[in-house]
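Peer 1: Read off the chains here:
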Amino acid sequence: MKFVDEYRDADGARRIAREIDAVTTQPWTIMEVCGGQTHTIVKSGLEELLPRNITLVHGPGCPVCVTPAALIDRAVEISLDPGVIFASFGDMLRVPGSSHSLLQARARGADVRIVYSPLDAVALAREHPERQVVFFAVGFETTAPANAMAVWQARRHGLTNFTILVAHVLVPPAMRAILESEDCRVQAFLAAGHVCAVMGWVEYEPIAARYRVPVVVTGFEPMDILEGIRMAVAQLESGRAEVENQYRRAVQRRGNRHARELIAEIFEVGPREWRGVGAIPESGLRLREPYLEFDAEKRFGAPPSAVPAENECIAGLVLRGLRRPPECLAFGNRCTPDAPLGAPMVSSEGACAAYYLYRRMRVRS
Amino acid sequence: MCLAVPGKLVEVSEAEDAAMRRGKVDFGGIRREVCMAFVPEAVVGDYVLVHAGFALSIVVDELP
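The listed protein sequences derive, respectively, from chains A and B.
In this text, residue positions in the first sequence follow my numbering: the first is 1, and each later residue adds one.
In this text, residue positions in the second sequence follow my numbering: the first is 1, and each later residue adds one.
The set of hints was computed from the structure by calculation and includes no laboratory data.
There could be a bad hint or two in this list.
[What the hints assert, rightly or not] With a straight-line cut-off of 27 angstroms between C-alpha atoms, the simulated DSSO-like cross-links for lysine-lysine are: (1) Lys43/A x Lys2/A; (2) Lys8/B x Lys2/A; (3) Lys24/B x Lys2/A; (4) Lys8/B x Lys24/B.
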């Protein structure tokens, strides 16, 4: 496919890796923010192309992973209401709450449906006026325009049987939280290209300046990621800390104005709890007052505020780049995609799932 | 979840309201209906980046 295949070229990837090798004079630690990039890195074996003194640490950019167990518990509870059709992206279904997943709720009779787009959930609400349709609005800024449009269209269609359970999180506050933690090792970021396709990179400019950390907006194919690393290393080696854009084919500095405007119409910024990380102020989105009738927490009640105790899962450390998945004692034995202890093992963007799928043999040997 | 895939816009159905504008996008032979509300400037033949049924940006050939 055009704009995909040409960025997967093995010779091109080796060429960029040689360029990185040529400019690297000392150890550097770079975090890729997005779990989709983590999967490309592990799947393509990019770390093996890099000089030994470049360390990649995997970031918190897996919305499924950071959705609190209490909110999944609430989703499970709502889905078990016989009057409800609960719609969700497929990623969320196997993620464990404190006791059950949505998939287990479905096995107990809940009408849980996988949708490709939040507009499919709006269509379900129009087809089933006698049922309440609830959509699990999980995601980073990439998904926010889609969820905002679902609410906007629900209002336009006059729907009274459609709500969303909001678990929206934002990237820049998470980057700040990582940079401000005492044990931070991150010296440069690869910013998530698709988040920036929506939001642009203006928000990252004060972060680069204040924390003296290079930020490179980066795409998702192997050559994109290597080029992002090359640009980050070039900045680190020359003492610069700027925002640069590797993903020029899809991202502009101010992102997508139409999408940003609709997000701002429907949502406002508020505090949010991140699973494994804790509460981060001003790090999520919630519905604005005029749209609260579409808030599932208003219609069905808020989740219990107490966060249940977690098991031996070290997802919080993995999501902050402080541990790698194979360093977890449960990895690959007590925790697998079929029987996960934590969300990073099930999500298609989870770092643990990436290592389990692509690196298990090597890890074991 | 932030997965987004570039595809070629092959058909646009104009709507009275720009927010309801839809299109068909071809992903290497697989065609899907996509909401075009956020990229009103896209025309048939353009490549667009699609996430969760929404075109989020036009994909352009990079400068050499």
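Peer 1: For every hint, state whether the structure bears it out.
Peer 2: We went through each hint and held it up to the structure:
| no. | hint | result |
| --- | --- | --- |
| 1 | Lys43/A x Lys2/A | 21 angstroms, holds |
| 2 | Lys8/B x Lys2/A | 9 angstroms, holds |
| 3 | Lys24/B x Lys2/A | 17 angstroms, holds |
| 4 | Lys8/B x Lys24/B | 8 angstroms, holds |
Violation of the numbered hints given earlier is absent; every hint is satisfied by the structure.
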